[in-house]
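*Asks:* Sequence:
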Amino acid sequence: MIIPPIFSYAEIHYRFKYFFSFLKTKEPEILFDAPYRIEPDSDLPLLFLIKDADLFPVQIRSVKITISNSVSALHHIEHFFNPALIINTHYWQDFFPIPFTAEIENYFGMLFIDVECEYFVNGRIKKCKNNNYRTATKNPLRVYRSKNHLPSFTGWIHGEIHSHSHYTEDQVEFGVPITAAKKLSSALGLKYFCVTDHSYDLDDSLNSYLKNDAELPKWKLFQEEVERENNTQQEPTVVRGEEVSARNSHGKNVHFLLYGSKKYFPGSGDSAEKWFRTTSELSISDIIKNSDPETVLYAGHPTEQVPFLQKIFLGRDEWHLADMSLQGLHGIQILNGEMNSTFSSGFSIWKSLLLQGKKLFLAAGNDAHGNFNRYIQLGIPFLFIHEKETQIFGRMKTVVHVKQNSENEILQALRFGKSIITNGPVVLHEIENKYQQSAEMGGMLEGKLIIVKLRGISSEEFGEFSSLKIIKGVIEQTETVLAEITDFASPYEFHFITEWQPIESFSYIRIEASTINGKGKDAEGFCYTNPIWILPE
Numbered sequence: 440m441i442i443p444p445i446f447s448y449a450e451i452h453y454r455f456k457y458f459f460s461f462l463k464t465k466e467p468e469i470l471f472d473a474p475y476r477i478e479p480d481s482d483l484p485l486l487f488l489i490k491d492a493d494l495f496p497v498q499i500r501s502v503k504i505t506i507s508n509s510v511s512a513l514h515h516i517e518h519f520f521n522p523a524l525i526i527n528t529h530y531w532q533d534f535f536p537i538p539f540t541a542e543i544e545n546y547f548g549m550l551f552i553d554v555e556c557e558y559f560v561n562g563r564i565k566k567c568k569n570n571n572y573r574t575a576t577k578n579p580l581r582v583y584r585s586k587n588h589l590p591s592f593t594g595w596i597h598g599e600i601h602s603h604s605h606y607t608e609d610q611v612e613f614g615v616p617i618t619a620a621k622k623l624s625s626a627l628g629l630k631y632f633c634v635t636d637h638s639y640d641l642d643d644s645l646n647s648y649l650k651n652d653a654e655l656p657k658w659k660l661f662q663e664e665v666e667r668e669n670n671t672q673q674e675p676t677v678v679r680g681e682e683v684s685a686r687n688s689h690g691k692n693v694h695f696l697l698y699g700s701k702k703y704f705p706g707s708g709d710s711a712e713k714w715f716r717t718t719s720e721l722s723i724s725d726i727i728k729n730s731d732p733e734t735v736l737y738a739g740h741p742t743e744q745v746p747f748l749q750k751i752f753l754g755r756d757e758w759h760l761a762d763m764s765l766q767g768l769h770g771i772q773i774l775n776g777e778m779n780s781t782f783s784s785g786f787s788i789w790k791s792l793l794l795q796g797k798k799l800f801l802a803a804g805n806d807a808h809g810n811f812n813r814y815i816q817l818g819i820p821f822l823f824i825h826e827k828e829t830q831i832f833g834r835m836k837t838v839v840h841v842k843q844n845s846e847n848e849i850l851q852a853l854r855f856g857k858s859i860i861t862n863g864p865v866v867l868h869e870i871e872n873k874y875q876q877s878a879e880m881g882g883m884l885e886g887k888l889i890i891v892k893l894r895g896i897s898s899e900e901f902g903e904f905s906s907l908k909i910i911k912g913v914i915e916q917t918e919t920v921l922a923e924i925t926d927f928a929s930p931y932e933f934h935f936i937t938e939w940q941p942i943e944s945f946s947y948i949r950i951e952a953s954t955i956n957g958k959g960k961d962a963e964g965f966c967y968t969n970p971i972w973i974l975p976e
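In terms of our numbering, the sequence shown is residues 440 to 976.
Restricting the straight-line Cα-Cα distance to at most 30 Å, the calculated cross-link-like pairs of lysine-lysine (BS3-like) are:
#1 622 <-> 701
#2 892 <-> 842
#3 577 <-> 960
Pair by pair, the computed Cβ-Cβ distance ranges are:
#4 877 <-> 541: 47 to 57 Å
#5 701 <-> 928: 41 to 51 Å
#6 701 <-> 674: 15 to 25 Å
No lab work stands behind these hints: they were computed from the structure.
Yeah, the Cβ is synthetic: ideal placement off N, Cα and C, and Gly gets one too.
Input sequences plus hints: build the corresponding full structure.
*Replies:* Structure follows, in structure tokens:
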């Protein structure tokens, strides 16, 4: 079976029967990764990841790191291993923390990281640059060192709501160990991330991703690891999840994100584990009906266009309007790694659902399988590696309001829409009536007259505020722009209160904001809030 491109660290040792693989090699996957940005007071954690050395033992002789700006080299670090570092385990990881010493301590901006690794495998001494994938570009890792922390307000924390760990492992992809993701996320500035591994990987045997195990040892280990990591009380918080392959209203496979679930849901229709068997065990409705009350349910990238071959061979499809209208669904992840036509389509559907009176919340994620710096995926299997700077862990963020940073608090924020989506700038709004009663995002308030209180914060990295729209939606009618601000006294921060606004029908208020001239990887920033609903007295 031919599997089209997958968003992940690329698994290069498997090939489908009767198909040639140009990427297959008798050595382990060797790769280096780093966060796409780092906080101003953080070291730069460089992840050194080796996979499948249990099949292809390797000896690491040296690692040489060069840090440059766009003009010249700034710093060199060399690690020589004598005797050689022997690696013979399935997953192996280490970090080379790059401290900002005298040569680079005052440098802020884009850094370029090149790593040369010399290793001994199959009786030969070899070298690779940044990874050992055939056909990969070998381009340097690009890390933006920001002068500012991620923009935020007290009680609001940034996170990644769709990512995959090493419990996602199959014929074409694998994810990053949770412990590594915590270290990389912390440097990036995230305070939480959700691990949403594939249902068809979580039921595998510990020794083979081609065999299932009814005892669910991987699922159990995953649950235990999340508990263990969160018990350390060290940020970021890990939110357990599952990305279940489920049948939509057309009987085709879509991906359903379950947060906080301690109950495993099977879903193997698009796993490619059995040829031409593409019917998943459960429908979306089945999962909603049988999920625990504590579980938070979001449609995963519901309007992402499915490539033709995935439709044919994996039975994949999009979420349809009937699916997103189901009672019990809490939200939809309409932003998946980049602002494109998929987002625009999902955003339009979300607005139409709001106007129908549906209370659904937005989320933004990246579906990252590792890929903290750029995404590396199999191209047309198995001929080449494809790379680009989207689907990067943490780049599209869901910022949630919590009393304390815990898994339960984050789940409650996602359940009740106390959240915004952004690539950097943060804009918040609340509504107050004439009795000085107020409501924040996801909430509801009664009132014939209301005012909207807004505050926003950005930074040099994400750019100056250029536009802010206050949008009012009247249920069963339409949306209108109550006000649009394009002139800001301060480029990076504002506080604003509207005049009293009359409310005559069941309505909601939401906010759209944008920034320009950012100096980081995102020159144009955006922020979209979840609505606050208003009932006329």
